[in-house]
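Now that you have both chains on their own, put them together as the hints suggest.
Here the protein sequences line up with chains G and E, keeping their order. So the first sequence is numbered by my numbering: it starts at 5 and just counts up by one. So the second sequence is numbered by my numbering: it starts at 746 and just counts up by one.
If you are wondering where the hints come from, they were derived from the structure by calculation, not from laboratory data. Treat the hints with care, since some could be wrong.
What the hints assert, rightly or not - Here are some chain E residues pointing at chain G (derived, C-beta under 10 Å):
#, residue
1, 776
2, 886
3, 887
4, 1078
All figures in this text were calculated on a predicted structure; none of them were measured in a lab. From the three backbone atoms N, C-alpha and C, an ideal C-beta is built for every residue, glycine too.
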Amino acid sequence: METYTLIVLTLAATIRVATPLLLAAIAGMFSERSGVVDLGLEGKMLGAAFAAAAVSAATGSAWAGLGAGIAAAVLLALLLAFATVSQRGNQVVAAMAINIMVAGLGPTLALAWFNLGGQTPQLDGPGQRFTSLVWPWASTAAEHPFPGLLYAQLLSGHNLIVYAAAALVPASAWVLFRTRFGLRLRAVGENPHAVDTAGISVTGLRYQAILISGVLCGVAGTYLSTAASAGFTRDMTAGKGYLALAALIFGKWKPYPTLFACLLFAFTDALASRLQGVALPLVGVIPVQAILALPYVLTVLLLAGFVGKATAPAAIGVPYAKEK
Amino acid sequence: MSASAKLPRWAERGLLPLINLAAALILSGVVVKILGESPWAALKLLVSGALGTQEGIGYTLYYATNFIFTGLGVAVAYHAGLFNIGCEGQAYVGGLGSGLVALWLGDRAPLLVVLPVAIMAGAAFGAAWALIPAWLQARRGSHIVITTIMFNFIAASLMTYLLVNVLIKPGQQSPESREFGANAFLPAAHELFAKIGITFSPSPWNLAFAIALLAAALVWVLVWRTRWGYALRVAGQNQSAAVYAGISPSRIIIQAMLLSGALAGCLGLNELLGSQHRILIDFPSGAGFVGIAVALMGRNHPVGILVAAVLFGALAQGGSQLAFDLPKINRDMVVVIQGLVILFCGALENVFRTPLAKLWPGRLARSPQPSGGMPVPR
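Only chain E is shown next, with the shape it has when bound in the complex (with noise of 0.2 Å):
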């Protein structure tokens, strides 16, 4: 499982990224000079929509929150050896299930009760979601990448279906549920700060960050802390090995499955019940997939996925001051660089991590294994 070459740990873990991240940077400058902008010019504009003010740095750590939520839940599945292409459709299903408690009880009950309720709520879908392609790969050998991708299609079928069938409000036109009742919006950062006298521009960031958080720490200690972690990530890494120390890999990879789901399907508190207000179509709006480049590029560890979320938010945020401010890009050019960046991180990293080890003869691996980096989805 280990990449075809070794490096030192700061090296693997914080300059390679690095090197992929500029890598991708510098190709899409290639593409802002074919648009016929200027990439220096791009890239002030994106820093500055994205942390010159207190607005953007909302913003940005409200699309952070999102791909916090998704990278997790990439990553947890990838210890296990898993990779969940199905973070999308976890986040959107359990995002419904969220949404349906705020529905339910947001004119009915207190935040202190409806939020609970509605992160158990969000976690039992997602993870439920995720249940049937871990079931089918831990059983049946269904190649979990494959059943992921079908779930997503199933999961955008059904719930076009609940919004424009069911949860949708009498006498309206787009498929929408009518709003929460006002208990269950989850406080934005500015409301809170105001209460202990800072002031801060209004942003859509909100209350679900500080439980992203929360739920960074909590897999870090699950993963690396736990007797449950240990046997996770030896599966995850042999699974003969597994087997000898008594660990079944066929219930690791549905409890991992059934975390992943969970962990994604908490976006819903941010999107919905931190700023939508309501359930809407498409709420996820990519995020399980950006959850996959923010996996990769925060290597599967809570602190890195802290940092490439917030890295991608601001990528999100700055990439709509350029479009606002650049008349030949439109925010398409964000989808650009996240694909640059999976594919730097995820799928070249070779092209940099080679000649990197070159530099440290001492620690080439004797004999190379083929998968680099990732372990090979089964």
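If we strip away everything but chain G, and leave its shape as in the complex, we get (with noise of 0.2 Å):
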């Protein structure tokens, strides 16, 4: 009964952690398949994840927070388009440079307007963070292992921006795959000429594409700091953006697949927590650096092609000069 209880505490961990890197990765996935490589991931949730705790100190607003959340990357996200698309500059380095100035404009910027040395406060107020919803009957529930406990832990008792992120993986399925939208825009990420032939432009398909992976990343960034967490720290994403990239690359550029890999990603991370100096049967102690490793590891196998074979769009990372 206490392994049962363990598993259930852990996978709900999970789904909290995923939410982020599936918030970014399905962001990655709009941009990806549009054809502009999403190394931004980290800078523009970093981004949100400051605006949405400054707003929201300030204002008491969860809901202001989370608009400037949206707000902040959306305006990142403008800066990569028009780097990488009106100005054709190289995609890599526009995201890198995102990247690198919003890690150090958020403390800085912190440290201006609140003083706490480059964090912003402490959101404790009623209204200033997205706290977990509980369903009807969720506490009755949990003193009955199962399924009371698995409704209690994993259904309810998430927040607002969990569930959305869960609705979003058969949303944006449905507008990649099932719309006008979505066909030309990964038409656009596979081959712009032809797109272009067709009389459709492809400056405005990557910029809404990109704009929409702005969005997402500023919901991403939001949960980091007013759902997550209470206030935004330095260097908070740590790396998420990165491993959302990952994630997108491991699930193919497909929305169920990258879904599962965020569950895979997000289960190691929650794994690492528990098993942080138990002893485990037959393998003794495994280090926790090694477990925190594993997603990258398995990214790296599979771009190998040694666990299955991912293939990108194929006009990715190449700006696109229309013919004069």
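Dropping the structure here:
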């Protein structure tokens, strides 16, 4: 029974860790499907995390924070789009520049505005955070291990953004594979010349894709600072943007496999904190670092073609120059 | 591979980087203004902090040494048409190699023995960390940008594990190794100057700076004055042409990445043997990423890289002075400026290149190529 409870709690933690990964990975799916490498997930999330925490601290409203988070990430996405689509700059360099700039800008602005050494104030007022929604009868159900505990821990007890992220998977699958916009988006990532010939604007489509990515990164960053924790701290994304990118690749740029990859990576994270210093039968103590490195190792193996094969959109990373 | 618009060489190598730098600095000034400080005062503090005193100059060149190593690393890979974001991890693991040698030989052998072995170990460990992404790119077509990012994280996990569980000095809380034996300390510049009768204020500026200069010279000879360097540049600019010329692009990819990792791996000489005298968590502290900015600004040429590295060294040192004197600014402001420089030099350079090119209409390229100055990483 003890083990069962532990497993359920680890799975609940998995869901919470997976949420920002999933949001960022789906964000990356839109821009990468349109042919723009999205290494900027990290920076857009971090910028959003800062803006959301700062505005929530100032206004006392988590919803205002969400708006600010989305606005900040969209602004960064616009900058990225201008550099890579309009100016045809290198996509990798532009994204790295934004990641580095935002890593400095958050703590810099936080120090100047809040004077707390590069953090935002602790969000502990009512309505400043997205708190867990407890579903009806959850506490009663939790007394019954099966299925009550599953209901209480896995279905109930998460905040709104978690449920929104879950709904995003079928929604993005529908948009990408069942709508005209999705078809064009995928086409522009595979063969922009063909799209251009058909009289559709490559630039317009890529801007739209990057903006969608910005909105979703905004939600992901807001989740980090106003739901998963209570305020912005330096480097609080801690590589989650890159991990989301790894999940996107691991999920072969498809919504449901990406969801699976996010859950898998989040599970390794949740497991790592559970297994800290615990001796397992047969293998003994597994170093936490080995478990934490697992998602990256798995992604490298996948990219190497040793575990399945990931085929990127054909035109990814190539700026499009309209023929004169 | 050429940029959208052609400029005369001096404008390409001198004027354009200066304009990009100026744009980044002006925008940084706007940020400083938003923070409620005077941009002009901040700039003066930055410059005087970095270059106003002997100590400031020493620190500037100490930081610059790290950036020369990583900048050269990024540049060599660039010439092969590869974008090595993994210099951070390669520097981290390379430093482990140098550090292990220093721990092992530091109290057994004289510096004349320790130093060459530490250089070789640093280069070998750094190269080894670049080998797997290189091999995967060359033989299996795995995107090197992604694999090197993944290897940065794997390196961080590996080093944390080693420092927390293996190398940690017994009975100590913070994850650091014991101090190296004194023979593994690289002499500081002020000590060397004192020997020839010049007094210079103490700073961590050390012998590794000279090694970095040698490395830059070596890279220049290798890339521009040897057969291998020619093959490297051909393969980087046009893979199919390289194949027709009898050059194997996949072999060049692996060799270039090994050299790139080896150069980044030498960072530990400066940071560990030269200054910290122990192995500690996250000692590259972002130098691998600054290397990208340095290579971009320096146009991937050793001379340009030296200039850009000193500039970024001055930024790092002047930035700490800024944080010390202006209460509303912390060291993170330097990171903002670094990001802006990368943005303008690497991604937004066409913003200024196109209008500049109009000044030399005869040189406008007939068919614009889409990749602004940088090859599209494969």
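Now the hints, each set against the structure:
For residue 776 of chain E, the suggested interface contact is upheld, since its CB lies about 7 Å from the closest CB of chain G, less than 10 Å. Hint status for residue 886 of chain E relative to chain G: holds, with the closest Cβ pair at about 8 Å, below 10 Å. Contact between residue 887 of chain E and chain G, as hinted, is supported at the beta carbon level, the nearest pair being about 4 Å apart and thus within 10 Å. With a cut of 10 Å, the hint placing residue 1078 of chain E at the interface with chain G holds, because the nearest CB-to-CB distance is about 5 Å.
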